[in-house]
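**Q** Read off the chains here:
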Amino acid sequence: MQATKEKIIEIIKETVGDNIDINSIESNVPLSDQQVDSLDRTSIFLGIEESFDIMIPDEVYNKLKTIDEIVDYLNNR
Amino acid sequence: MIGIQEIASYIPQNRLSNYDLKEKFEMDDTFIEEKIGVKEISIKNKNQDTSDLCVEAFNRLTEKIDINKDEIDCLVVVTQNPDYNIPHTSGIVHGKLELKEDCAAFDVSLGCSGFVYGLSIIESYMTQNGFKKGLLFTADPYSKVINNDDKNTSILFGDAATVSLISDKPVLKSGIFNFGTIGKEHENLICRDHKLYMNGRAIFNFAARYVPKDFKKSLEKHNLKAEDIDSVVFHQGSKFIVDTLTKRLKLDESKVPFNIADFGNTVSSSIPLILEQQLNDPEINKIYTCGFGVGLSWASTILTK
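Protein sequences appear in the order of chains A and B.
Residue 1 is where the first sequence starts when you use the numbering used here, and the numbers rise one by one after that.
Residue 1 is where the second sequence starts when you use the numbering used here, and the numbers rise one by one after that.
Think of the hints as simulated: they come from the structure by calculation, not from any bench.
It is possible that some hints are incorrect.
What the hints assert, rightly or not - Partner residues aside, some chain A positions facing chain B, computed with beta carbon under 10 Å:
hint: 1; residue: 26
hint: 2; residue: 39
hint: 3; residue: 41
hint: 4; residue: 43
hint: 5; residue: 45
hint: 6; residue: 46
hint: 7; residue: 52
hint: 8; residue: 58
Quantities reported herein were computed from a predicted structural model and do not represent experimental measurements.
Note that beta-carbon positions come from the ideal geometry of N, C-alpha and C, so glycine has one too.
Kindly produce the complete structure, drawing on both the sequences and the hints.
**A** Shown next, in the form of structure tokens:
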């Protein structure tokens, strides 16, 4: 499956949409600067893993800060 | 039939506040209250050991129900933080409680799945041997192994002990048990050199992936539907994990208790601490319960009044 910014935002909405303002989220700003805390991050990445049927190793997980970086990783892994 | 007749618990009075750690761990009130859901953690006194916590829980049991110590046929202690590596803590508890000599005592080394595992073990053991009264203790004081500089664990785990009187006059009867193990992931929650380490992401993923599947499997085995269950008692890992499981299973929030704000995740004691409150609640007659964590391991059953 091709990863897109829209797909990742959809996953963010499904997993932690209750906790953050999804309409103002920016793809090139670290999620941690947009009300996404460490626990939300785990939930978002689980959503991504399940949607794309992959496992994202901890070392990659720790490096991916923005939606753009996530999309780039998913399309080039 | 053998089952749970009564439950009592002991939560040490000493508390450490997570609000005092806001700056150290860069947390805000929302994170403390709405995410981990733990405002304070309970801490045992330095001179108290695991067996002492069990004795305190037993003393509270005797305030609820008359116990003739000579009738206790066996006692089991679920712990991974025993008084000593040798001997087993249940032997020490047996001595402190001055139970009769022909009373079996053994430990079960499990963490958050330990109460449900322990329930299956003691009930099977008592049935096999014709025993009528037994004691199932949970006491896993993580304060013995917590690194106070580790945010993942030091704001989460609290000390407590519980004891369940297992007898032939059960109030709660166990259904079919499910058990599971993901042993290849054991390093994600581990104690090395007396220091606890937890990969929070791995534990979260494990619970979020496996517990919902277990819930559905358990309902199928019991030929029940989700709406037949009055209460869903998950191990109280954190508010975030309990909320996540509730959401993933589309459960009615009012059926899913969360009660650890004032003492923290008490490992194998978290489930019996809730069951203790539900034992005499006439509105609650069918309970799905699942413990999950260290191992990685899980166990579940459906309890019926």
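**Q** Determine for every hint whether it applies to the structure shown.
**A** Verification of the supplied hints:
Taking 10 Å as the C-beta cut-off, the interface hint given for residue 26 of chain A is violated, the closest approach to chain B being about 21 Å. Taking 10 Å as the C-beta cut-off, the interface hint given for residue 39 of chain A holds, the closest approach to chain B being about 5 Å. Taken as an interface hint, residue 41 of chain A checks out: its beta carbon lies about 8 Å from the nearest beta carbon of chain B, inside 10 Å. The beta carbon of residue 43 of chain A is positioned within 10 Å of a beta carbon in chain B (closest approach about 6 Å), and the interface hint is therefore held.
For residue 45 of chain A, the suggested interface contact is upheld, since its CB lies about 8 Å from the closest CB of chain B, less than 10 Å. At a threshold of 10 Å, the smallest CB-CB gap from residue 46 of chain A to chain B is about 5 Å, leaving the interface hint in force. Interface hint status for residue 52 of chain A: violated, as the beta-carbon distance to the closest one in chain B is roughly 14 Å, over 10 Å. About 7 Å separates the beta-carbon of residue 58 of chain A from the nearest beta-carbon of chain B, less than 10 Å, and the hint is met.
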